[in-house]
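K.L.:
Please put together the full structure from these sequences, using the hints given.
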Amino acid sequence: MNAETLWVFALLATCVACFIANRPRMDMVALSALVALVLGGTLEVGEALAGFSDPNVILIAAFFVIGEGLVRTGVAFRVGDWLIRRSGPSETRLLVLLMLSVALLGSVMSSTGVVALFIPVVISVAGRIGAAPGRLMMPLAFAALISGMLTLVGTPPNLVVNSELSRAGHAEFGFFDFTPAGLVVLVLGLGYMLLARRWLARRTPAEPAHQRRRRRVRELIHDYELRDRARRLRVTADSPVIGHTLGELQLRARYGANVIAIERERPLGPVMLTTSANRDILAGDTLLVDFTHEHADLPRFLEDTRLQDRSIKSDYLTDLSREIGLAEVTVPPGSALIGKTILQLRMRSQRGLNVIGLRRNGESLADRLLQEKLRLGDTLLVAGTWKGIRLLHTQAHDFLVLTLPAELDEAAPAANRAPLALLALGVTVGLMISGLVPNVMAALVGCLLMGAFGCLTADSAYRSLHWQSLILIVGMLPFAIALQKTGGIDAVVSALLGLTGHGAPRTVMALLFVLTALVGLFISNTATAVLMAPVALGLAQQLGVAPHAFAMTVALAASAAFMTPVSSPVNTLVIGPGHYRFMDFVRIGVPFTLLVLGVCVLVLPVLFPF
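Its first residue numbered 0, the sequence shown is counted upward by one per residue in numbering that gives the first Met the number 0.
I should point out that these hints are in silico values taken from the structure, not numbers from a laboratory.
Fair warning: there could be bad hints in the mix.
As the list claims (entries may be wrong) - Label pairs and their calculated CB-CB ranges: (1) S348 to Q370: 17 to 23 Å; (2) P590 to D458: 42 to 48 Å; (3) R226 to Q370: 21 to 27 Å; (4) D279 to D458: 32 to 38 Å.
Claimed, not checked - The calculated lysine to aspartate or glutamate pairs, modelled on EDC-like cross-linking and capped at a C-alpha distance of 20 Å, are: (5) K372 to E327; (6) K386 to E327; (7) K484 to E3; (8) K484 to E46; (9) K339 to E406; (10) K372 to E362; (11) K386 to E262; (12) K339 to E327; (13) K339 to E371; (14) K372 to D397; (15) K386 to D458; (16) K484 to E43; (17) K339 to D377; (18) K386 to E264; (19) K484 to D53; (20) K386 to E406.
Computed from a predicted model, the values in this text were never measured in an experiment.
Just so you know, even glycine gets a beta-carbon here, dropped at the ideal spot from N, CA and C.
P.N.:
So this is what it looks like as structure tokens:
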């Protein structure tokens with residue numbers, strides 16, 4: 000082993016030590032190592048910066064953007080809703096459903112892309128059930144890695160070893176030949192994570208002392224005494240309100256019925272419309288109505304309008320909190336609103352919002368809402384679409400915005416584009432499965448479709464990129480080139496191959512798995528498979544046995560990148576959201592890797608006899 004090889008190993012060991020100590024930040028360590036490899040003369044500048052053009056890095060970045068499109072259209076949160084509905088308050092059921100969903104989807108598309116898509120879902124779900132993200136992020140990553148063991152196209156290493164079998168004149172693997180062993184690993188992974196989650200990081204980022212907790216919609220509902228005031232009313236075919244505008248109907252003045260929003264069916268799904276005086280009412284519309292206490296006469300209202308009362312399962316439309324928002328505003332000194340009544344504010348006609356609550360001196364004035372004249376310091380609660388709520392800051396001249404509830408972060412500003420976002424995702428996945436274009440091109444097509452369909456803006460796309468994860472991956476990729484260039488990989492392979500000898504096939508398989516997993520700590524799983532697939536076939540030939548069990552051992556070991564956060568981009572992506580440290584992966588990943596080793600040694604010879 001020459002001096003240059005020793006220098007690369009020493010630098011790699013230094014990086015690992017910094018990762019373990021968690022100082023400085025891992026992306027800064029990786030970037031420093033990149034610079035050191037160039038200044039030390041090991042790599043040329045182009046070789047060191049090759050990671051910035053690596054297709055996998057671009058693929059990851061593209062799926063951050065696609066994930067943002069799914070968030071902005073509400074698709075990600077609907078997946079979270081489905082997980083919560085199916086799992087209820089049980090974290091155990093949630094973990095199982097999450098891992099099964101990720102493994103299934105990852106078996107036919109990029110596991111890295113699946114993780115990027117599910118990260119916002121997991122963050123949302125964790126917050127809503129009160130769980131620490133760290134208890135779900137590592138199961139997410141492990142399920143994505145296991146997904147590569149389920150089908151032939153689950154991950155590139157499978158295709159690499161399959162190609163090597165074909166090149167050597169052996170029968171190729173079928174599409175589902177990986178499935179039996181992969182399912183065993185998946186079942187073990189589910190059981191293991193149900194036990195190991197107690198050791199996962201429970202820490203959450205410290206909240207700055209100056210930062211106040213944002214209030215939630217339920218708190219505003221309580222403060223303004225809104226319980227039992229909201230109704231969902233469907234416009235039947237014989238209703239006399241059809242064809243009339245809200246201004247013509249004067250529902251608020253006649254019945255105390257304040258129409259907050261209108262839900263209307265469209266070809267791509269229901270959309271939430273703002274209310275204005277000239278908004279027409281159509282058959283099939285669903286009116287979201289707030290009944291003020293002073294004039295509320297619901298039975299007479301329903302009889303006169305022939306609207307169908309639909310049940311509400313939550314407090315004041317909180318089940319629609321991603322479409323319908325609330326905000327609290329106050330009347331400042333010098334405001335032109337002072338002395339005016341709620342009806343004179345023209346909030347609906349000017350801003351598409353409705354005033355539904357008034358507080359003065361700490362008390363709600365629900366019974367005198369319409370006729371009460373505003374005073375200095377009064378606070379108003381307004382309701383409407385989140386788009387209108389967001390514009391309050393830019394449109395308000397006579398009042399100040401006091402409270403934007405926490406649900407604003409979960410609101411979907413492009414909810415009506417959800418079917419188009421799913422179409423863009425479907426095209427991306429279809430292109431990946433078909434192999435018509437490289438995966439990175441399929442992901443970029445998905446990004447462009449998200450933008451063309453209006454699912455996200457250019458600014459939101461750039462903001463979605465998680466630069467810390469991308470820089471960490473880019474900084475570690477040059478080590479693969481450096482180790483291959485200086486002979487480091489050959490030195491490790493030669494040393495470990497000397498341990499195999501002519502032992503029993505299962506013993507040799509176990510050592511082959513360990514060798515492949517260790518090499519995979521330093522280079523990508525695809526490069527690991529390229530390097531180790533010929534070794535596996537050579538060992539099988541040397542022992543005089545069929546090569547398929549050995550070839551699959553390499554494929555599964557290349558995907559078993561559970562041991563460190565930098566052994567796979569899948570792990571790297573969840574470091575920040577899960578608030579993990581380097582040793583978290585070592586503590587949880589090493590034992591599970593040994594379980595996968597056991598599956599290979601015990602199960603593969605049964606599936607592929609020697």
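K.L.:
Look at each hint and say if it fits the structure.
P.N.:
Hint check results:
The hinted range of 17 to 23 Å is satisfied by S348 and Q370, whose Cβ atoms lie roughly 19 Å apart. Range check, P590 to D458: Cβ separation about 44 Å, and the 42 to 48 Å hint holds. As the Cβ distance of R226 to Q370 is approximately 22 Å, the hint placing it in 21 to 27 Å holds. Between D279 and D458 the beta carbons are some 34 Å apart, a value that agrees with the proposed interval 32 to 38 Å.
Using a Cα cut-off of 20 Å, the hinted pair K372 and E327 holds, with the two alpha carbons roughly 17 Å apart. Of the pairs offered as hints, the one joining K386 and E327 holds, with about 15 Å between alpha carbons and a cut-off of 20 Å not exceeded. Only pairs whose Cα atoms come within 20 Å are accepted, and K484 paired with E3 is accepted, the gap being roughly 10 Å. For the proposed pair K484 and E46, the alpha carbon gap of about 11 Å is at most 20 Å, so the pair holds.
This hinted pair does not check out: K339 and E406 have alpha carbons roughly 30 Å apart, beyond 20 Å. With a CA separation close to 15 Å, the supplied pair K372 and E362 stays within the 20 Å bound. For the proposed pair K386 and E262, the alpha carbon gap of about 15 Å is at most 20 Å, so the pair holds. With a CA separation close to 18 Å, the supplied pair K339 and E327 stays within the 20 Å bound.
The straight-line distance between the Cα atoms of K339 and E371 is roughly 8 Å, inside the 20 Å bound, and the hint therefore holds. Under the criterion of a C-alpha separation no larger than 20 Å, the hint pairing K372 with D397 is consistent with the structure, at around 15 Å. Of the supplied pair hints, the one linking K386 and D458 holds, its CA atoms being roughly 17 Å apart against a limit of 20 Å. For the suggested pair K484 and E43, the alpha carbons sit about 11 Å apart, so the restraint of at most 20 Å is met.
Taking the CA atoms of K339 and D377, the gap is about 12 Å. The hint holds against a cut of 20 Å. Note on K386 and E264: the hinted pairing holds, with a Cα-Cα distance of about 19 Å set against a maximum of 20 Å. For the proposed pair K484 and D53, the alpha carbon gap of about 18 Å is at most 20 Å, so the pair holds. The suggested pairing of K386 with E406 holds, with an alpha-carbon distance near 13 Å, which does not exceed 20 Å.
Hint violations for this structure: number 9 only, all remaining hints satisfied.
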